[in-house]
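K.L.:
Here the protein sequences line up with chains E and B, keeping their order.
What the first sequence shows, in the numbering used here, is residues 1 to 376, in sequence order.
What the second sequence shows, in the numbering used here, is residues 1 to 393, in sequence order.
I should point out that these hints are in silico values taken from the structure, not numbers from a laboratory.
Take the hints with a grain of salt, since some may be wrong.
To be verified - Chain B residues, not near chain E, derived (Cβ > 10 angstroms throughout):
id	residue
1	Tyr-5
2	Gly-134
3	Arg-296
To be verified - Only part of the chain E face toward chain B is listed, based on derived beta-carbon distances under 8 angstroms:
id	residue
4	Phe-3
5	Gln-37
6	Gln-292
7	Ala-375
Virtual Cβ for every residue (Gly too), placed ideally from N, Cα, C.
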Amino acid sequence: MDFDYSEEQRLLDETVRRLVKDEYEFAARKKYLAEPQGFSAAMWAKYAELGLLGLPFAEEYGGFGGGGIETMIVMEALGRGLALEPYLATVVLGGGLIALAGSDGQKSDILPEIAAGKMMLAFAQGERHSRFDLAHVETTAKAQGAGFALNGRKTVVLHGGAAHKFVVSARTAGSGNDKSGITLFVVDRDAKGVTVRDYPTVDGLRAADVTLADVAVGADAVLGPRDNAYPLIVRATDRAVAALCAEAIGIIETLNAMTLDYVKTRKQFGVAIGSFQVIQHRLVDMLINAEQAKSMEILAAMSIDGNDQRERERAVSAAKVQIGQSGRFVGQQAIQLHGGIGMTDEYAAGHYFKRLSSIEHTFGDTDYHLDRFPAF
Amino acid sequence: MELSYTKEEQEFRQEVRAFLKEKLPADLARKVKESKITTRDDMMRWHRILYEKGWIAPAWPKQYGGAEWSIIQRHIYDEEAAEAGAPAVAPFGLVMCGPVVMKFGNQKQKDFFLPKILSGDIVFCQGYSEPGSGSDLASLKTKAERDGDNYRVNGQKTWTSMARWADWIFCLVRTDPAAKKQEGISFLLIDMKTPGIRVRPIVTMDGGAEINETFFDDVIVPQANRIGEENKGWTYAKYLLGNERTSIGQVGGSKRELKKLKDIAKAEHMDQSRRFRDKVALLEIELMALEQSNLRMIASLSGGKDPGAEASILKIRGSEIQQRITELTFEALGPVALPFQREAMEEGWNGEIVGPDYAPPVAPKYFNMRKTSIYGGSNEIQHNILAKAVLGL
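Next up, chain E with everything else stripped away, as it sits in the complex (with noise of 0.2 angstroms):
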């Protein structure tokens, strides 16, 4: 039993986290923003030099072979900066799709590609009335010559407005919220027939609506099964989750380091508030929450790479569960504690407090993975 990092896992560590701290200040963060997709093109080509953005797929298609930890690391440190980079969008979710069911034509078309920082990827799977149930697919994938054609509106894609291209699913059979009958598709932005819509999400993010009108594409376009993508679609949003959770962590331990550092410097009736013993306990709660959840992430990013379907899933709705509810209390503690300034929008904790919350919704919320844990 260890929970220490290995030489090349620290090695990542510090990497990452020296990075962030140098080139994501807020002030940093604030111009990034400004920038046309929203985050910094800059900070895009450096993740693609440090070797981050082909961390988890295989070394002949210029990866590295992480796994669960490494993805870990990289999220960590990425939610202590709130990086705005379609880190998650690109390389877990629509690179870790193209990786896990990839033909080998794809895999080398498009994974070198994400590693060297040239090409975007986005999944765009929600839909308007989807909520967190995967199997929620109305956009339809219709025989059409040796191809098909696409039909269909997805909304909140993170990062679609970057995206080169999309991972899209659709029903090829079956309806409804049937789990059988959905097969994914790799669409390019420039398709005929593909209309994007970006905007903003409330964390400073970016998210797109999707429309697909009679999008033709050929059969090598199919990513993975025909009729039967659901669980390939289960294991990459379960990466996912994971993810959210690393990047949690960062937000959750930036935000006490914050809050503590600021509860010893503001002073009130003469004296440091931090002195006060409801603050204390406070901050211990704050401090306990945090330890639950990080055993938590660890926890799911070990799980995630296992064949074991019944305890990934289990481990990885738990810590959904855990992060969820700790997120939310720290979050609101923080800004709590900080009084007025931790309201307005030049203070960082409520840009924190913004991501964190996003979190929560994304990809199954509280109630949805507790619903999914195995309780009897």
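Could you slot chain B onto chain E? The hints should help.
P.N.:
Relative to chain E, chain B alone:
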């Protein structure tokens, strides 16, 4: 990073499992699993079995007759023993007083007490709390005045668990009333048969009486029974509190009790209630997080790091989870838990139980477990410790 155990550790687990299967008396395990009242004889029967095996003192060094297990081995043993339903072994001599004697006692004290603590010939109880000294332990008033080669002890201790079962008590007493409160305290070992000691059981709200008041009325104690220096008792007491924190979260016992909660809930068809099911799921997730936090602490201890005040996190969460399990078990039974049937929890009672067999201990256990967030440093004190030691507030 590696969550699994080494081959040697897995073999050790098998060895523990085989031992428990062979040696743990079935009637004892049943009592524990059914939350029946255990007696001194029950406890000592298991004590002697462990003693004969050489496993009674997992953390003690071999030179004193301990098993000298690694932290991970101790954790494995705790897990297996809890799951198998092994009765608790009284911690007062083995975990608390013994290590203090080892570290600060003189050779004569070591030779006399350590073998008897191991064999069970001396069962200790703990004389810390007083009616006026709970969380503010150092304000204790029980005084020991010099009287020739002896001390004359007067005062009162309270919440003394197992006082009626114990042969000896280790006591914090005031030897210098003029000194600042932490500085005038000494650590005395007192034979419970000494004239002037009187023990009165305290009935708790669950109907049990595991705790007592212990009165000292001109009790003569040889100075030779003082551990270490006079007026240095607070240092020894603090050392004692820092010991054996691998099981502070009570993860093993909570896993066993959660399983029982689920069995009862199923029998009561409460697994069909969505609201109840969610509460159990949430509790199980909290326990998973606690287990994982506990493993992280064990791994870090095992790597030679000092967990320090972070063990307080495990105490807080562990006690809350223990309480929550009993709370939900009570909820699962509802009105069927209401008949008060204390006699049904006693060994050998053959009457007819109202309701299912598992009903009688459920409500008393819920009431009884409120103690966990009060004893061992109340959870509020644990918050103070964390605020000071970890957060620097």
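K.L.:
Each hint should be assessed against the structure and marked as holding or not.
P.N.:
Hint by hint, here is what the structure shows:
{"no.": "1", "hint": "Tyr-5", "result": "6 angstroms, violated"}
{"no.": "2", "hint": "Gly-134", "result": "17 angstroms, holds"}
{"no.": "3", "hint": "Arg-296", "result": "5 angstroms, violated"}
{"no.": "4", "hint": "Phe-3", "result": "5 angstroms, holds"}
{"no.": "5", "hint": "Gln-37", "result": "35 angstroms, violated"}
{"no.": "6", "hint": "Gln-292", "result": "4 angstroms, holds"}
{"no.": "7", "hint": "Ala-375", "result": "4 angstroms, holds"}
The earlier numbered hints that this structure contradicts are 1, 3 and 5.
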